[in-house]
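Chains as they are written, first to last, in my numbering: chain A, 1 to 700; chain B, 1001 to 1268.
Simulated from the structure, these hints should not be mistaken for lab results. Don't take each hint at face value.
[Said to hold, decoys possible] Distance ranges between label pairs, derived from CB positions:
1) B:1036 - A:49: 35 to 41 Å
2) B:1012 - A:126: 18 to 24 Å
3) A:149 - B:1184: 53 to 59 Å
4) B:1097 - A:239: 36 to 42 Å
5) B:1098 - A:239: 50 to 56 Å
6) A:100 - B:1012: 29 to 35 Å
7) B:1071 - A:158: 53 to 59 Å
8) A:185 - B:1098: 38 to 44 Å
9) B:1268 - A:156: 31 to 37 Å
10) B:1012 - A:263: 48 to 54 Å
11) A:206 - B:1012: 38 to 44 Å
12) A:126 - B:1071: 38 to 44 Å
13) A:158 - B:1097: 40 to 46 Å
14) B:1097 - A:49: 53 to 59 Å
[Claimed, not checked] What the simulated footprint calls covered on chain B by chain A, stretch by stretch (three residues with Cβ under 8 Å from a Cβ of chain A suffice, anywhere in the stretch; the number is not a length):
15) 1011-1022
16) 1103-1115
Ideal placement from N, C-alpha and C gives every residue a C-beta, glycine not left out.
Letter by letter, the chains look like this.
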Amino acid sequence: MDSAQQPSRRPVTNLARRWAQAIGGISYVSLNRRELRGFLDDLTARLSAAVRAPELDLAMVREIGASMVHGHFTITPALERTLELLGDEMANSDSDTVRGRCLPVLSAFAAGYADALHARTLAEQQRITVAAIAAQRDAELAHRTSENRFKALFSDAAIGISIGTVQGQILEVNRAMCEMFGYSRDEFITHGVTEFVHPHDADETWDLYGQLTDGTRDHFRVEKPFYRADGSMIWTDLVVSLLRDDDGAPKYMVAMMEDITERHELHARLRHQALHDPLTGLPNRTMFQERLEVAVRGGRVGLCYLDLDGFKAINDTVGHATGDEVLIEIGNRLTARLGSAHLVSRIGGDEFVVLVEDWTDPDAAVTVAREALAAVHEPLWLNRRSLTVSASAGVVDMPSADTTVGELMKAADTTLYRAKSEGRNRWALFDADRHAQDVTRYELATALPTALAEGQLFLRYQPLVRLRDEKLVGVEALVRWQHPTLGRLGPNDFISVAESTGVIYSLGLWVLRTACEQAVAWREKFPDQPLVISVNLAPYQVREAQLIDDVRRLIAETGVDPAYLQLELTESAIMASSGEPLDTLRALAGLGLRIAIDDFGTGYSNLAYLRSLPVSSLKLAGPFVTNLHAGADSDPQDQAVVGTLISLAHSLGLTVTAEGVETRAQLETLRLLDCDTAQGFLYARPAPPQTIEDWLVTGQ
Amino acid sequence: MDRPSWVPGGVDIEQPSVARVYDYYLGGSHNFEADRQFAERVIAAVPDMRWVISENRSFLRRAVRFMVSEGIDQFVDLGSGIPTVGNVHEVVASLNPRGRVVYIDHDPVAVAHSRAILNGNPNTAVIAGDLRSPKAVLANPELQRLVDLSRPVGVLLNAVLHFVPDDDEAGAIVAAVTDNVAAGSYVAISHASADQMRDGAHRTESLYNQSVAAMAMRSRAQVAALFGGSPLVDPGVVQIPLWRPESLDDLSEQAERYPGYAGVARIG
Chain A
1 MDSAQQPSRR PVTNLARRWA QAIGGISYVS LNRRELRGFL DDLTARLSAA
51 VRAPELDLAM VREIGASMVH GHFTITPALE RTLELLGDEM ANSDSDTVRG
101 RCLPVLSAFA AGYADALHAR TLAEQQRITV AAIAAQRDAE LAHRTSENRF
151 KALFSDAAIG ISIGTVQGQI LEVNRAMCEM FGYSRDEFIT HGVTEFVHPH
201 DADETWDLYG QLTDGTRDHF RVEKPFYRAD GSMIWTDLVV SLLRDDDGAP
251 KYMVAMMEDI TERHELHARL RHQALHDPLT GLPNRTMFQE RLEVAVRGGR
301 VGLCYLDLDG FKAINDTVGH ATGDEVLIEI GNRLTARLGS AHLVSRIGGD
351 EFVVLVEDWT DPDAAVTVAR EALAAVHEPL WLNRRSLTVS ASAGVVDMPS
401 ADTTVGELMK AADTTLYRAK SEGRNRWALF DADRHAQDVT RYELATALPT
451 ALAEGQLFLR YQPLVRLRDE KLVGVEALVR WQHPTLGRLG PNDFISVAES
501 TGVIYSLGLW VLRTACEQAV AWREKFPDQP LVISVNLAPY QVREAQLIDD
551 VRRLIAETGV DPAYLQLELT ESAIMASSGE PLDTLRALAG LGLRIAIDDF
601 GTGYSNLAYL RSLPVSSLKL AGPFVTNLHA GADSDPQDQA VVGTLISLAH
651 SLGLTVTAEG VETRAQLETL RLLDCDTAQG FLYARPAPPQ TIEDWLVTGQ
Chain B
1001 MDRPSWVPGG VDIEQPSVAR VYDYYLGGSH NFEADRQFAE RVIAAVPDMR
1051 WVISENRSFL RRAVRFMVSE GIDQFVDLGS GIPTVGNVHE VVASLNPRGR
1101 VVYIDHDPVA VAHSRAILNG NPNTAVIAGD LRSPKAVLAN PELQRLVDLS
1151 RPVGVLLNAV LHFVPDDDEA GAIVAAVTDN VAAGSYVAIS HASADQMRDG
1201 AHRTESLYNQ SVAAMAMRSR AQVAALFGGS PLVDPGVVQI PLWRPESLDD
1251 LSEQAERYPG YAGVARIG
């Protein structure tokens, strides 16, 4: 290097620094300041060499201009500032050569820059365009791939898929859909969606469809039936979705459906089974109750509750298999006669209910009952034998506003019970008062055992007076019930109830025991005034085989003297007894106690029979005594009857007690007619033990 | 309306794209007329836009260099845009030839361009993906071929989160990243702000919102909040030119006017 170059090194370095300052903030370069300095140092050096070369190296200058572009100084202000700087530097050079070369150098520099920038721009534009095309192609390919995927999904799907317009035109259906409906694709798309209405469509189906078409809903799901091309029916699980366009407006509808006909039929069968009796095929209790609830909402309820009479006996006689056939046949008959207008159901073993559902005939409930019983009563031919069955029915017909389902069934129940107890093979109509009575009776019956255990029952004693000398010779023990809410109840209120539930047995024994204990107590207190204690016996008790043992034990345990113990049985009960009950009576007599016939003269007495009964006394029924109230002025015939009865009794060796003696006139007449003892209000009402004791003490 | 994911977006060169407009700011020609016209409107609002953008790019380079110096040898650039000058893989390769970089962008042209450029480079991959679904991106098998998520990775969210205006969504993106990378990883975020050049910044925001993409500026506190509590490397969240400048010489007196913040956080 010559000395002329050396001093210019400082200016060169200086130039690079100034150059860096001039262009450093203009373009982005991936160089930091130091690196930029290095880059420009190099350019400056090369430029300086080119400018000062003996032969001006414009090619090099152009290259250097291009280097700026390669170095990413692509914004034209970078060129401007560079040219200003270089121009200034060269114009103020102390070298004539350099000064003289200023313009060509700047031109070459600018030309090199421009060419490089031009080339670069074109190259970048090409690259970006190619990239854009490639991207577009990729997008289309992806779109086509997804389209192809969708097409495959669509056509091969196992569920039926269809696509249609919002207006309801069907645009496309897949193979599964065609097979489901039995249409070819081309046939299918000639139909509109609204042609697929079916009478069994759920109510909301077409509402939901409407919401889809006007865009207020995006999808819905229903179970919907369709008619196939051949007219047969399929059930489908249907989902319809709305597809919107880019602006959110409804564009297409896609329906996907699965054939659920089998499942549907299965459900229908199960539901049927749940509501029908398997033996007879009739609606069962569940279905009956559902319909009863509907009827209750309807205003008027009529039902006929039917029970076959003695069905258990039938089953025992002909066998259960035939018994089942009876039920089936009865079910068929009832349905044939009544099923078209009303609901015939089987709700229990031999229990049927017909629910009136057609009130064209205002007396439908009764008509139904008549028809039902008639249907039952026609002879049945089963297994080559003829069988006749009868039924009892309770009929209820009332405004439903007054009642509930539970009360209706209770009413039907008690009415049926009444039909049974009035003799069977008949229908009985619900009577509100009777029902109330029945309900009360039922409640009493269920309360009795507890009442007995809790000591709500007690005895009263009615004096039996010897007419000859008006001496107290005995008492009749009568049971009372101090009911917690109903007050004091007498035997009429609950004895028959007790008989119907069988609690009469233990009730009767309790009465007997209490009376005996009382008798024993009196005997001890008044040993020389023994009283006969008379206790009522119920027919039910007499039918119980263990009565003898219980009474024997009772006599032993209480220590009562059987000679002073009398059991009263009503005339009708005694006259009806034969076989075992009669044996029981004989056995009771054999224990040493007396038996009296109560209410004598009110039944049909078999007088010859009377002789052979183990009876020692008759109690004359109240009506006979009543007729004697006028005393001597009574109808002679009445007197004669009474007198004859008394004679008859005496000739058979029986004593006679008159019941219900209320007047002295009656009393006198009875005395004249030679009656032995009397009982009645004239002497005393049934009284507590104390009253009897007082009498024993005072003689009054 | 969201386009269902199985239908890819089309390419519309008459619609300015973020990536191509960014390329124009940097003096590139990888853009079309619509991109250039849009960019000029922004430059009219913010005359120093080119400087703003180039400083942002410089930060990217500095952040990558820092991460490499911390031992990171694999990078995920979310929202990488068009490969212009000073790409991440170039910076990484200059320091560690075995470093790997995966670029992700949802602009199909940017992806195609990047693929064309990087064709044959075994240490890079370009994936079409949306940074709004970072978990899906990280689970992409192509990404996992190059990046082993059981080892520390550098994740770059450079100038992208201001295109996610919803704070919860932006925070969730960062959280999904931090939750799915190994301890010892780093996350770099740079973000535009209207704290400086307020009028220009808001005008820019409007222009982008109208024509290009939904955009929202954030304050320093909001940008710091995006890191979700991960510890920040010194100097924390600062104006972009002030983040670890390479030398004091590199700092221009304009630095405090810079409308944007950056930070790098260490995960785990």
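Verification of the supplied hints:
1. B:1036 - A:49: 35 to 41 Å: Given about 38 Å between the Cβ atoms, the range holds.
2. B:1012 - A:126: 18 to 24 Å: 19 Å, holds
3. A:149 - B:1184: 53 to 59 Å: 41 Å, violated
4. B:1097 - A:239: 36 to 42 Å: 57 Å, violated
5. B:1098 - A:239: 50 to 56 Å: 54 Å, holds
6. A:100 - B:1012: 29 to 35 Å: For residue 1012 of chain B against residue 100 of chain A, whose Cβ atoms are near 55 Å apart, the range 29 to 35 Å is violated.
7. B:1071 - A:158: 53 to 59 Å: Holds: the Cβ-Cβ distance is about 55 Å, inside 53 to 59 Å.
8. A:185 - B:1098: 38 to 44 Å: At 59 Å between Cβs, range violated.
9. B:1268 - A:156: 31 to 37 Å: Violated: the Cβ-Cβ distance is about 48 Å, outside 31 to 37 Å.
10. B:1012 - A:263: 48 to 54 Å: 50 Å, holds
11. A:206 - B:1012: 38 to 44 Å: 42 Å, holds
12. A:126 - B:1071: 38 to 44 Å: Given a distance of about 40 Å, which is inside 38 to 44 Å, the answer is holds.
13. A:158 - B:1097: 40 to 46 Å: At roughly 55 Å between Cβ atoms, residue 1097 of chain B and residue 158 of chain A fall outside 40 to 46 Å, so the hint is violated.
14. B:1097 - A:49: 53 to 59 Å: 34 Å, violated
15. 1011-1022: Our answer is that it holds, as 3 residues pass the Cβ test (under 8 Å) against chain A, meeting three.
16. 1103-1115: Our answer is that it holds, as 7 residues pass the Cβ test (under 8 Å) against chain A, meeting three.
Checked against the numbered hints given earlier, the structure breaks hints 3, 4, 6, 8, 9, 13 and 14 and satisfies all the rest.
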